[in-house]
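Keeping their order, the protein sequence lines are chains L and G.
Numbering follows the working numbering, in which position 452 of the first sequence is assigned residue number 452; successive positions increment by one, without gaps.
Numbering follows the working numbering, in which position 248 of the second sequence is assigned residue number 248; successive positions increment by one, without gaps.
Rather than coming from a laboratory, the hints here were simulated on the basis of the structure.
Accuracy of the hints is not assured; some may be wrong.
As the list claims (entries may be wrong) - So the derived label-pair ranges between C-beta atoms look like this:
1. 255(L) <-> 124(G): 28 to 38 Å
2. 255(L) <-> 453(G): 50 to 60 Å
3. 178(L) <-> 54(G): 26 to 36 Å
4. 575(G) <-> 594(L): 20 to 30 Å
The beta-carbon is built from N, C-alpha and C at its ideal position, and this holds for glycine as well.
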Amino acid sequence: MSMRSQVLVEHHGVATGKNMTTWQTLRRGVELSPELRKGIWVTVALAVLSTLGRVLVPFVVQRITDEGILADGGPDMRVVAGYIGIALAGVAVTAVSAYFVNVRLFRASESGLATLRRKAFRHIHDLAMLTQNTERRGSLVSRVTSDVDTISMFVQFGGLMLMINIAQVTLATVLMVVYSPLLGLVVWLCFVPLFVIIRKFQGIVGRAYTRVRERVGDMLGAISEAVVGAQAIRAYGVEDRTAERIDAAVEAHRKAAIGAQARSVVAFTSGQLVSGLTTAVVLVVGTVLAARGSLTLGELLAFLFLVNLFTQPVQQATEILNEMQNAVAGWRRVIGIIDTPADVSDPGESGVTLPRGPITVQFNEVGFAYPGGAPVLHDIDLTIAPRSRIAIVGETGSGKSTLAKLLTRLMDSSSGQVLLDGVDLRTIRFSSLRSRVVLVPQEGFLFGGTLLDNIRFGRPQASEHDVRLTLTELGLDPWVSTLPLGLATDVGQRGESLSAGERQLVALARAYLADPDLLVLDEATSAVDPSTEVRIQRALDSLTRGRTSIAIAHRLSTAQAADEVIVVDAGRIVERGHHTELVRLGGVYSRLHDSWVAQQQAI
Amino acid sequence: MNVPPTSTLREGLAVIGRGIKDQPRWFALAVLGSIVYGVMTSLTAAAIGFVVQRAITPAIEAGHASAQQLWFIGGVMAAVVLTTIIGVIGRRIAGGVAMYNLGAIYRRRVTRQYLRLPLSWHHKHPSGQLLSNANADVEATWNIFAPLPMALGVVVMLVFGIVQMVVVDPWLAVVGLTVFPMLFLANVAFQRAMSPRVTRAQQLRADVSEVAHESFEAALIVKSLGREDHEAERFRTVTDELRDANIEVGRTRGRFDPAIEAIPTVGTLAVLFVGTLRVSSGQITAAQVVQIAYLFSILAFPVRALGWVLAELPRAVVGWNRVSAVLDASGSMTFGSRALPSGSASHVQTEGLAYAYEITTEEGEDDVNPALVDVTLDVAPGSTVAVVGPTGSGKSTLTNLVMRLVDPDSGAVVVDDIDLRDVRRGGVSDVAALVAQQTFMFDDTVRGNITLGAQHDDDSVWRALHVAQGAGFVEHLPDALDTRVGERGASLSGGQRQRIALARAVIREPQLLILDDATSAVDPSVEQAILGRLREASSGTTVLVVAYRMATILLADEIVYLEGGRVVDHGSHEALLGRCVGYERLVTAYAREAAEREAIAAGEEHDAELDDELGDGPERGAGAAAEEVSR
Ligand SMILES: Nc1ncnc2c1ncn2[C@@H]1O[C@H](COP(=O)(O)OP(=O)(O)OP(=O)(O)O)[C@@H](O)[C@H]1O
Ligand SMILES: Nc1ncnc2c1ncn2[C@@H]1O[C@H](COP(=O)(O)OP(=O)(O)OP(=O)(O)O)[C@@H](O)[C@H]1O
Ligand SMILES: [Mg+2]
Ligand SMILES: [Mg+2]
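My request is simple: use the sequences and hints to build the entire structure.
Encoded structure:
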């Protein structure tokens, strides 16, 4: 067990992927988006064809001038027309193949990226709750949106162009060597320092872009605070402070972006500089050779044309390599999240499927500490009999919600075991676990949409009739009929168009409709008015007969109704028994009860 | 937001103009760099010709290259190259700075709007969309500034080139220039085709962001109900749509790009053809044709930069329209210039207050949902008034109105004889503090969450925490006051968050304290303690408290009972108990329940069968249960 907890601590953050090399990132990226590779050779062939067409045109223009216009004995119209015909054919071939290249590339890259988005999205939901909490939501969002967008530029054109550029450089090298081995060598010697610079700058540019991606995540986090916390910000008049926090994040992003831009400009212009200087050197060396008579002027000028054929793709490649580093920075973040292990993972096929029916819960010496924190639960030993209705009470911060989260396997215990029907929780398939055990967490959340859809969220196949039946069973009919559009009422984003109590009613109905065998309610009715609460309590009492239910509550009316009360104090179970027994005991519970009674008594 | 494509060009130019106005210097610098680059590029050929004529040919003829000649060749070429590079660096860096500055400026403007616009506006706009506006849309708008300077440099280069052509042979120039109207027409057609597709893709990008945002915010619910597959499916639907939209954009681009690229090439060939004819008829020399053809082939590639700008244009316009929808959003609150008097407890009065939420019916029509109707209150300075009412009766709406988070549809909230609408911006939160029903934690330290940036020494922070009964747990946090609470306070328990929120209000020593069910997540003993301390601490404070629990209610001097958005009754607890049935039912629910349970428990000991009858049978409807309660 201690090994497990170590693993938990080690993995509680999201992997950044920072230590992946560019090559590893690209390989893993393509592996995750197989569409990128599908049919790539056809695309490459088409691209080569279109490039050939592009190279053909200047070539033909040169021929036309040489053999046509400047032909001995005046311009030769036939030759000119012939070459123009060839060039037009080249243009046509280029245009048609370029069209197909574009379409194919867009399809491949967009499909690949959609797959990547999907995988990342799915994996984020598969991550352990605690891992999810180590990242800001805005930052998680950026991993499936703008980080992926960053990649698209590169995979649409860059990757392919890079291959074509390499082919073109090879071709140009061969031609140069054929024309003049010595000058060819000169050109390559001139470019050696560039290759060194590019290599060095790859790392620098890459890190700069990684910083930019991180700043984007921070920026989204800061902005989302202004959006989600709109009410709190207005209530406390802290618009200015929030603005400052956003500005700081925006400014950090701007600086990082400009920094990355400057570095990539240096990398790019060094390519251009070397290209230009190479031309100068070739001219100088070529002049010496020509003066010695080992080269004609015409050959020298033709060679310059080849140098151009060589430097142009190298320049383009330096630019694409910059773009690639940008893409790799985004890719790393997406891959980082996909490759973050899901600590609390589904045992899948090999897991146990529990049969339906009331559930026995058992805790064996369970201990728990949040990553990097002190233990929150100590040596919890607990057996909850099937069909029993349990209330858990205790001071705030004593560990009740933590207990509920261990029980529903939102987290795994640091030590000890949680068993359902005698089966270790960790070996139960999620499909079985989640359908049989449902938690209504303290922090409820509704989705933008209708009331009906929200209640159905846990069981989408339920009909409207089922939903109505549930509401009737819970005694919520009268409430729904007071809503302007009944079940069709739009609850607004995060359920903001409902009152806080109403949101809890929806969350409760949602969990109830999911029809679990073990229902865990974490202060599920804390914002509901007393008479509705009591009514729901009554309804649940009778409805949950035959299932196991565990309710965490500060209002002791829930505890009074329970078969058994479990009192948690500072991470330990200090008392358990029936309400009346515990009151007689004169311990923690009776003190809580005294306060409670004092509150009610004054009638 | 559906822009007719014909106006894209005009609108695009307007966007560019706006950007230039915001970043004139950097933009000018970038264009300058680009012009240097453009001029130098078209001079490169001339430079080569120059060194060939002045140094290389003489050297070849002499059969020997002197060091001076070699230096001349190297020097001229290096000078050209270096000047070009300086132009490129200037263009790229200044262009990048202009672009990112614009991004930062507009992100600030957009988020300022988020902070300025009223809550009602926020309710209508999903967070994911707003995030997308501030991020992807701003980016889409100003991305055009990356190719723009280059394109302007190209224009200069073109003018340069055209002048050269005209000087050489006007007739050939005319043949060459027919290329430009063709390019223009092709681009207009391109934009018409692109505009609607790009608009759609950009909207879908925001939708993807919206779904992701909502889904990740709901991660806990998704997990606990095991709905990961369902969410993944929902996300798949939007990403597939985005994918298809992007492919559609690519296809359109794929159709036009090769055509636009081919036009200058065809132009070059036309020049060669016509040129050859003219040389044959002896009107011009072969060298002149060659020169023009060469110029053309040099210009052909950079001309594509113009194409890039035009290709970015629809995206910029779409981005801008989405950004400006936020920037132009009206419905902002208007503020007066008055300050609320400070120094003594506030006197709060409301007069015929009414408020209705705007809703949209299933048919998409606008409708309203009245939440408060004709609410008249008078809260005497220094008194405590409890607002009691069933779930959804309008209590939180009332607190929002008193805090001026929203304005009433009719009636007014008057504090110390000043209508809140006449109070200056920030004036209400200077004297009043609201502890909302839903606590919101900033991603900051405990201290930062309590002081919210105001100057308070540690002593007062601890004092506030003591009142809120939070000192005990904060002491035990790893870094005490400097512990970071995580986004939305994720590392704290519900009750702990609520107590920090209370301390946040207490530390401001408000004259008006509004508590909206602010102790719902704390246990009864802590609640008792909090209320006791609050009572001591808030002697100079008017308190408006939304509560269900008797202990809280009993602190109040007066109780206002709301039902269905109306004040049904108000008065002392005893008075209301006697005459207001709804109130009695509500506040005595627990006690009655307890009594009933005890009775049943007592009965159980005598008669176990009774229990069976009452409890068994899950088919027993809740109707019966409810009846039992109201009995
Ligand atoms: N994600 C987390 N990371 C670190 N510490 C945490 C985290 N969540 C909770 N804690 C700490 O663990 C302790 C127990 O928290 P828990 O939420 O279980 O309390 P609780 O009994 O449910 O309290 P409440 O009644 O206020 O909801 C608290 O001290 C809390 O600060
Ligand atoms: N943003 C909104 N849009 C539309 N209707 C709303 C909105 N907010 C609240 N309502 C409706 O207005 C009514 C009053 O809501 P309010 O939040 O004021 O109730 P409340 O008394 O505070 O309830 P609770 O005790 O549950 O907190 C409810 O019926 C609710 O559905
Ligand atoms: Mg809790
Ligand atoms: Mg409320």
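Against the structure, the hints:
no.: 1; hint: 255(L) <-> 124(G): 28 to 38 Å; result: holds (34 Å)
no.: 2; hint: 255(L) <-> 453(G): 50 to 60 Å; result: violated (23 Å)
no.: 3; hint: 178(L) <-> 54(G): 26 to 36 Å; result: holds (30 Å)
no.: 4; hint: 575(G) <-> 594(L): 20 to 30 Å; result: holds (28 Å)
This entry does not satisfy hint 2, going by the numbered hints stated previously; all others are met.
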